[in-house]
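Taking the hints into account, I'd like the entire structure generated from these sequences.
Protein chains: 2
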Amino acid sequence: MKTEQLERILYSPYKERILTSEEAAKFIKNNYIVGVSGFTKAGDSKSVLPAFAARAKEEDIKITLLSGASLGYNTDADLAENGALIKRMPFQADPTLRNSINTHQTLYVDQHLSETAEMLHNGHLPKIDLAIVEATYVDANGYIVPTTSVGNSASFTESADEIIVEVNMSIPLSFKGIHDIYIPKPYPKREILHITEPDGRIGTEYMKIDPKKVVAVVFTNKPDSPARISPPDENTSAISHHLLKFFDKEVEDGRLTKSLLPLQAGIGKIANAVLSGFKDSKFKELTMYSEVLQDSTFELMDAGKMIFASASSITVSEECHGHFISNFENYKDKLVLRPQNISNSAEVIRRLGVIAINTAIEFDIYGNVNSTNILGTKMMNGIGGSGDFARNSYLSIFVCPSAPKNNTISHVVPMVPHVDHSEHDVDILVTEQGLADLRGLSPIERAEVILDNCVHPEYKQQLRNYFEEAKALGGHTPHILEKAFSWHINFRDNKTMKLS
Amino acid sequence: MKTEQLERILYSPYKERILTSEEAAKFIKNNYIVGVSGFTKAGDSKSVLPAFAARAKEEDIKITLLSGASLGYNTDADLAENGALIKRMPFQADPTLRNSINTHQTLYVDQHLSETAEMLHNGHLPKIDLAIVEATYVDANGYIVPTTSVGNSASFTESADEIIVEVNMSIPLSFKGIHDIYIPKPYPKREILHITEPDGRIGTEYMKIDPKKVVAVVFTNKPDSPARISPPDENTSAISHHLLKFFDKEVEDGRLTKSLLPLQAGIGKIANAVLSGFKDSKFKELTMYSEVLQDSTFELMDAGKMIFASASSITVSEECHGHFISNFENYKDKLVLRPQNISNSAEVIRRLGVIAINTAIEFDIYGNVNSTNILGTKMMNGIGGSGDFARNSYLSIFVCPSAPKNNTISHVVPMVPHVDHSEHDVDILVTEQGLADLRGLSPIERAEVILDNCVHPEYKQQLRNYFEEAKALGGHTPHILEKAFSWHINFRDNKTMKLS
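Those protein sequences? They're chains R and C, same order as listed.
For the first sequence, position 56 matches number 64 in this note's numbering, and the numbering has no gaps at all.
For the second sequence, position 65 matches number 73 in this note's numbering, and the numbering has no gaps at all.
One should not assume that every hint holds.
A pair holds if it fits inside one copy or across any two, identical chains being indistinguishable in the list.
Claimed, not checked - Okay, derived cross-link-like pairs now, PhoX-like style, lysine-lysine, Cα gap no bigger than 20 angstroms in a straight line:
no.: 1; residue 1: 266; residue 2: 197
no.: 2; residue 1: 340; residue 2: 313
no.: 3; residue 1: 37; residue 2: 221
no.: 4; residue 1: 287; residue 2: 342
no.: 5; residue 1: 34; residue 2: 70
no.: 6; residue 1: 342; residue 2: 313
no.: 7; residue 1: 277; residue 2: 65
no.: 8; residue 1: 221; residue 2: 386
no.: 9; residue 1: 292; residue 2: 197
no.: 10; residue 1: 253; residue 2: 313
Read the hints as simulated data drawn from the structure, not as lab findings.
Model, not experiment: these values are computed from the prediction.
Following this line, the structure appears as C-alpha cells:
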C-alpha cells in the first residue's frame, strides 16, 4: 500500500483488511441482500460491485440490490447483463437494466427515495446482509467519511452484518465536514428533525459504524461518472422563461420575496436548465433544499445568486467536477449532504416551504402526472424523490416539453396511463408553450387552463375535441373510458399520437 | 336573550351584535368567499348557512364555500339545490351536492384536507370574505371556543374580514379544554410542530380572533347531525379479522408492541367496524392520531383499550353522542381536537409513526387506489385526509369489500380509472377475502399477492386472465391499454363487471 493510501485508514485494525476488489467481491454470497452507496451516479461503488458483476458472468450468483438512487458507469448494466440481480430498488436509470426490468428478468421496486431507509428501519424490508460504501477516508474510530453522496448508506451500514469500504483516493480529504449524518431513532421514540433552515445540522460529519462489521477495505482512484449535461435549448429556455416570469409575479403579488423559498430541482437537463435561468434574473440569495445538486447549483453560486445548497448528492459534468474539486474551499461552507430520508423528509420540506421543480414524462388534462412508466407499462427510471417533494412542497411544479420527437408525441394527453402524482399534488405545469397555474381550480377549470397554455398547437384541437366530448358525458372528472388511452395506443401502433 | 345564552358571551361588545340567523345571513354578499366550520358533519353552522341557503332560493346569489370537510343536515344539499354555490372545497359527502358537482352546476376542488389551510396561509387561494364558525362560547377577550370540530376554522377566521359566531347551547361549557388551536407562522418563519405524542399540545384552548371582525352572534341549540353507523356485518368483520391477525403477526415478529402505534381510521362504517374489532383483541393502551373520531373510539375507551385520541372532529351516532355528552368528564382528558392541518400534518404523522387505515372505492392489481371518482368520472365524496395519512404513515392500509352489490362490481380491477393513491403509497390491502402485504414487492409480485388474497372468487379467473395476457406483453407494470377499463365499461353498459 502506498503511504497516501494508508493515511486514509486512521483506524489500524482496518489495515489488516485491505483487499483487492475481486477478493472483496467474494464476500457477496448468493441471495444476499446488498446495500450500496451511490445516488444519481455520485459516490457509488466503483470497484467491488463491478468486480461482483464480472464474477456473476462466470458464476450463477444473484443478489437483491438496494442503493441510494442510480449508480454510475456500467455497473447496473453489467449486473443486469450477467443475470446478477434478483431484485433492484429503489431507483435506476440504466438502459440495460431498464430492459431487464421491462422483460421481467429483474424485479424492480420503484420507491419514493425517502422511503427505503424508513422501511429498513421499521423492518418492512428484510435486513441488509452486506453494505458496500464509498469513503473519502475512515477516521480513528473506524467511522466512515462519505464522498459525493450520502444516499441510504448510513441506514445500510446500520442494518448490515458486514461492510466493505471503498476508499476513493480521488476525493480530497477536505470533504470531511460537508456531510450531516443522522439516523432517526426507532418508533415510538422518533424525534423532531431540528432543521429549520437549509443549512441546519442535526448529525455527525461521519457515518458511525461498528468497526467489527468491516470485512474489507478496497482502494479506488476514480471520479464519479460524469453527468451528461446538455446546453439549454429552445424548449428548456422557454420553460425557464415561463417559470421565471411566474416567480416574478409571485414576488410582485407579495407571496414570495426575491430569495423565493428553498428550491428543489429534479435530476436531468430540463431542471438543470431551469435553474441556470436564475443566473440572469433579479432573484438573489437563493437556497436549495434538494436531493441532488447539478452544475446549475455551482453556476448560481459562482454568479453570487445562491448562498446555500442542501442535498443528498452532487452529480455534475466532468468540467464542473474539476472546477468544483479545484475550488472546493469556496464551496465547502455553502453545502451540506444528508441521508436521503432527511434531504427528502416531508417534515423538513413542509417546514422550509420548498419550491419543488420536477420533470414529468407526461401529464393529463386534469393535471395528473406520469413520471415513470412509458405508455403506462415500460419503466423509464423511477419516481425518485419527485413525490417526496411534490406532496409536501410549498409549490409543486412539473415541467416537460409539450411535443418531443418531431411532435409525434404529445406530453399533454387525455389521461395518463400511469399516475405517480395525482391532481391533488400538482400546482403548476410548464411546457415550452406556457405555464398553467392550477391552484384552487376544479378539474374542468384545470383542463381549460392546461389547454390554453401547455399543449402544442399541433395537438390543441385534438385535445379540445376529447375534452368537449368527455365533458358532454358529465362527471366531476370527465373522461371517455374507451378513448382515454387512444393517443397512447395510436403511438404504440403507428408511432404518432396524432389521430388521423 | 335568556340568561344562559348571555352567559356564553363573556365579551360584552358582542352582546350588541346578537342577531337572528336570517339577519346574520344577510352579511353574505354575492360572490363572497365564505369559510365555515364543520368537519364530517361535526361543529358545522346549523342556522346561518341554512338561512343563507333559504335566502338563495328567493334571490340570485352565489358564493364559493370552503369548509373543514363535509357539513351536516341538509345544508350542502339545500345550497346546491338553490343554486347558491359557485365553487365548493375541500370535501363534501352529500348526494344532492354530488349530483350538482357531477353535472357541472357546482365546481368542486377536491383537496387533501391538510392543504386548504396551507394554501390560504400562502395566498394560493383567495382570502376569505366571511367566516361562520360554531362556538361553545366566546370568552372575555372575544375569543372563540369551538365545539365538536376544529377543521379549518382558525385559518378561516384569521383570513376573513368578517366573522359570524354561532353559539350552540347544546354543547356543555366544559368543552373548553379539549381543543388545541395552533396557526403556523408564515414562510419563511415556519416553526417546528412540537408534537411528539398523540396528546402533545402546542396551541391555545380557543381561537384567537380580532373581535372587531365579528359582525353577528347567533344562538342555536341543535346537536350535530348524527353519524349513520351500521353494525358490523360479515364483510366488515372479516376485514377486521384479517387486519387483527396481521397486527398479531407484526407484534410476534417484534416490529410492533401490543400498543401498536397511533391509529388513524377514515370516516365510515368499514373503518369504524375495523377499529371496533380491537375491543376483543390482545392489544392495549392504544392511541389514535386521526382526523375524525367515531363511535369505535369511545367503545375502545370504555373497554379500557384506548388511552388517548387526537383528531379534528368527533362524529358519532345519536346514541354515542348522548353517552359521550353525559359522560364527558370521563373522556375529556383523553381527547384533543386540532386544526386539520395539524391533525393531518405530514410532520407529525411521520414522527408518531401513524398506522393509517382508509377505505378505498377500488384498487387495481398493482395496488393503485381510487378513493374518489366512480368509474373514473363521477365524484363520490373526496379524497379527504386519506392521502395526508397514507403518504406519511408508518403503514398505509386500504380496506374495501371485494365485490359489493351482489358481486356485480369487483373492487379489485385491472386498472383503476382514477388514482388517488399510487402504488408507491400503499402497503397493505384488505378485503373480506384476505390481506395482501405489498411491502417490498415489485408490481408483478404485488399482482400475485393481490390475486391470491383479495379478489372475490367470482372475479379471480377473470383478473388472472387479464394479468397473464398483460404480462405476456411485457413491461414493468403490465397492462393492455385497450382492456384496462373493460370491466368499468362493462359495468357502465351492462351493470356488471363480469365479462361474458
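Cross-check of the supplied hints:
1. 266 with 197: between (39 angstroms within a copy, 16 angstroms between copies)
2. 340 with 313: The answer is within: 16 angstroms in one copy meets 20 angstroms, while 53 angstroms across copies does not.
3. 37 with 221: Only inside one copy: residue 37 and residue 221 sit 16 angstroms apart there, 71 angstroms across copies, limit 20 angstroms.
4. 287 with 342: within (17 angstroms within a copy, 55 angstroms between copies)
5. 34 with 70: Answer is within: at 13 angstroms inside a copy they meet the 20 angstroms cutoff, but 73 angstroms across does not.
6. 342 with 313: Classified as within; 12 angstroms inside a copy, 51 angstroms across copies.
7. 277 with 65: neither (34 angstroms within a copy, 56 angstroms between copies)
8. 221 with 386: Neither way: residue 221 and residue 386 sit 39 angstroms apart in one copy and 57 angstroms across, limit 20 angstroms.
9. 292 with 197: between (40 angstroms within a copy, 18 angstroms between copies)
10. 253 with 313: within (17 angstroms within a copy, 56 angstroms between copies)
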